[in-house]
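Asker: With the sequences and hints as input, model every part of the structure.
These protein sequence lines are chains A and B, in that order. Using the numbering used here, the first residue of the first sequence is number 1, and each one after it goes up by one. Using the numbering used here, the first residue of the second sequence is number 458, and each one after it goes up by one.
In short, the hints are calculated from the structure, not lab data. Take the hints with a grain of salt, since some may be wrong.
Cut-off 27 Å, straight-line C-alpha distance, at most; resulting in silico cross-link-like pairs (BS3-like, lysine-lysine) [stated by the list, open to error]:
1) 932(B) - 1025(B)
2) 753(B) - 914(B)
3) 749(B) - 786(B)
4) 1089(B) - 76(A)
5) 1019(B) - 73(A)
6) 684(B) - 696(B)
7) 883(B) - 826(B)
8) 294(A) - 344(A)
9) 1026(B) - 76(A)
10) 76(A) - 1088(B)
11) 344(A) - 364(A)
12) 945(B) - 861(B)
13) 73(A) - 1026(B)
14) 73(A) - 42(A)
15) 544(B) - 196(A)
16) 1019(B) - 34(A)
17) 364(A) - 325(A)
18) 823(B) - 676(B)
19) 196(A) - 753(B)
20) 1026(B) - 105(A)
21) 676(B) - 826(B)
22) 162(A) - 749(B)
23) 913(B) - 1030(B)
24) 76(A) - 42(A)
25) 105(A) - 1019(B)
26) 823(B) - 861(B)
27) 162(A) - 753(B)
28) 162(A) - 73(A)
29) 58(A) - 39(A)
30) 73(A) - 34(A)
31) 104(A) - 1019(B)
32) 105(A) - 42(A)
33) 1025(B) - 1051(B)
34) 696(B) - 568(B)
35) 104(A) - 58(A)
36) 1030(B) - 76(A)
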Amino acid sequence: MGTDTIVAIATALTNSGLGIIRISGEEAIETADKVISLKSGKKLFACDSHTIHYGFVKDGERIVDEVMVALMKAPKSYTREDTVEINCHGGVLVMQLIMGLLLKKGARPAEPGEFTKRAFLNGRIDLAQAESVMDVIHAQNEFALKASIEQLKGAVSENVRKLREEILYELAYIESAMDDPEHFELEDYGNQLLVKTDRILGEVKRLLYNAENGSILKEGIRTVIVGKPNSGKSSLLNALLGKERAIVTDIAGTTRDAIEEQVRLNEISLNIIDTAGIRATDDTVEQIGVLKAKEYIGKSDLVIYVVDASVPLSGDDFDIVRLIKDRNVVVLLNKSDLETVVTKEEIRVILDKTALSVSTKYGKGIEQLGCTIEEMFFHGKIGYNDEVYITNERHKASLRLAEASLGMVRNSIADGMPEDFYTIDLMDAYRELGSVIGESVEDDLVNEIFSRFCMGK
Amino acid sequence: MPCIIENYDVCVVGAGHAGCEAALAAARLGFETILFTISLDSIAMMPCNPNIGGSSKGHLVREIDALGGEMGKNIDKTFIQSKMLNKSKGPAVHSLRAQADKLSYTMEMRKTLQSTDHLTIRQAEAAEIITESLEGGYRIVGVKTVSGGTYYCKAAVLCTGTYLNARCLTGEMVTHTGPNGLQAANSLTDSLKLHNVEIYRFKTGTPARIDKRSIDFSKMSEQFGDKTVVPFSFTTDPKDVQIDQVSCWLTYTNEETHEIIRNNLDRSPLFAGVIEGTGPRYCPSIEDKVVKFADKDRHQVFIEPEGIHTNEMYISGMSSSLPEDVQQKMYRTVPGLENAKIVRNAYAIEYDCINPNQLFPSLEFKTIKGLFCGGQLNGSSGYEEAASQGLVAGINACMYIQGKEPLILDRSEAYIGVLIDDLVTKENHEPYRMMTSRAEYRLLLRQDNADLRLTKKGYEVGLIPKERYDWVVKKEQMIAEEIGRISKVVVGANQSVQSLLISYGSIPLNTGTSLTELIRRPELNYDMLAPIDPKRPELPAEVKEQVNINIKYEGYISRQFKQVAQFKKLEKKLLPKTLDYSDIHGLRIEAVQKLNQIKPVSIGQASRISGVSPADISVILVFLEQLRQRKKDDGR
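Answerer: So this is what it looks like as structure tokens:
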């Protein structure tokens, strides 16, 4: 609705040669000026529309990247708002750093499909495109919602939930005292709240620190391990993790459900999903696992296809090949420690992808797998899931707002303001923390007042 | 059978707090109005607590007054004690509450009604609404009474309170009566159902009344009114309300009380499952409190006079539906009530009300044109909530007849706006009570500025006389001028300034500063600084109060104004009434259902419906734009 300034990484979040960060909104140019110094010494603000400039993105005095900046002033831009596009060197880290800087200078991470939505609402896109815009908004939002809940690391959501509970209790107490002053006292309440606010603020700061120095979400290349039952998928995962995580047995079909793990291979994070083996089966539980595996393949950035090289290829292998042939795949010819019957050439005939010989059981060839994936990443063939990244940024933005609101609560108490002034900021903090764990406010407060505090009449 | 047939502009059903405001508004606007009541003696009756106002409810009364309603004036004429609550807290939660002399309150309101032109009062029970069919619904054409009298009208306002199919419960004793043993209204619900109106069943309750002479007040602590009383109505001269006040009394329940209650829970209709209606959580019966808050070893009990014409004392905090023998035992455990004689039993009351989601924010039924609803019938609770809706429903019945835009207050303009928006938009499963926490812009919606916020609207509607409106305009001007002047008054670190600051415990100055800065110090205010502000003009107290608040809380107030600007943008994006949300590609099914049910008037209202996500709102926005472009293209 508003014309606040939004920012997003417009290119895929991969280590490709070039990355574009797009800023749009009323203060797009001012915000960009805060992080960019042009070689010409000029401010973007003073430049003409539709011009390109050379300069640097700086974090204080430190140069983050050498960039080309395209300036498009309203209404002659995609969104019909002031727009700045920063063309940088396409490293994932660089793009994230630049976006992070812009967020700190007052921009907000764009909502799913927001550039397109703005373009549409500002009359930039024609009618025929409208329907697809709605689909985009819808689908991306579903993802964002899911990402908020599913991808959140367990401890984070638990911590946030606890903080919210504490804030809600305090809010309800203040409100009860305001609604029913004859039953509830607020004598010296400000000082008590100050102590609690400081603690909560400390917690939020810690969450934010962790978020800035890592991530809140399980971020990484979405990687799916597939293969026939008992081809060694779980042993591969264990070899990658260096610990027994999945249940490994010789009985085919042991991994009934998908297991998700985060693995760091050199500089790259993988979000690995170990799926149930794919084979024609009558076992319902296993069938569900297989269905899920197919679903994961559809959403993955990378597929690791584990082939049991000690037995001949079968119909199940051909089924798998059909599912994955359009994806980024690394084929592992496993069980190199045994006598092998499947060769790289044989695989290449049915699936033209990189193939490696490994022994997951003895950890042989795993290093080479790491190098292969890294190579694919640096060549831009695979990338991080930018939705996860953006959701992560949004969460950080929310934490920052919560931090600011709690800071205002402190100031209000210190200034000797009455209770009803700091409840506003306390409520904002509650709301922002809620958006981190995908919860809205609704009637929480009124419910808490009634359930915790015995009111009137 | 021949029967009476008469014609009116507006029929108002029910003469409680909502009905009185509705009828007065319609008649004062010049429309021939008839007001039906089951008993002429129960006009503006207060069947429960003997007070008007209180936290957030006091705000409602002030707003009613600023719009040209009657409640504030009536309580100013009939109060016997008054208090400004929350005085130690911020100005936004200051709230007036007055104890009423119940009998005088109804008599004064009756006098006012009877001396209003264009207003006919009729003791009769409305049995049916008369309608004609329209595409997609009905149009109201009249009201029929139980005796068969037919009263044709252009618009009608239903304010039936707790009378519809009412049932009162005191332990095992169940009577099919309305409040205070008055006759219930047993026909109108069926007529509404025939018009596809969805009916809820709610419950509320009231404590016993005890003979003053049987109470030992020496065991209680006395609660006085304020030394200086502030009137509710902006038209009341403060000099007229400095009266001799009566006292209330405070005592407590104890373990013995709770023991008796616990031992008799099986005889409570609430816990025995006899009560079907949903009761309010905010005013639980004493048995509810004892069960739900088992860790509390005592509960407060306020003993409040019902008036100066009666010995009855209201036992606030101990409403109940336990049998009368248990009630007597229970009340007598409370210090000071050992010999209490009950004059009237406590009881619970169940009644029919409507699902208010069926109403537009104008309080008109979406599918019955010209039929408006106000008060407890809409699922609210409280005299003030009722009066607020009655006033709006009455005004809008007149707007409807004239084909004018309805009066709709939004959430940033008035508590009344919050109240009605919540009722018509949100799911509501218990009697709805106003609370300051429900008003997200409450720093702006203060009781002290209700006149500044709403007098203009009341004037435009036609209920506020020109002189009163002119005064508010002038007041606004004086406030702005004084704030401007104060900001330019700079005081230096001289002797008189320093000693004044020290006398108030404020840190002395190092250098010159503006009065504005000094007023912002928590320990100071506008009035205190008069000695160091020699050029200060003579201003009315109400102007000085506004100057002080506006300067002192400027930062917070301006932040709320910013939020309001954001909010208004969404409120201004209107949605067509005829929109079928199942036509919108990309909306989730849950959202479609809710949107089709509520038919929000604006994007803002849509965004407040539970089950409608921000993504759904984006989808609707895009759809609207699509519609607009299509229209533009068609127009070419």
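Asker: Find the hints from earlier in the document that the structure breaks and name them by number, from lowest to highest.
Answerer: Violated: hints 2, 12, 18, 21 and 28.
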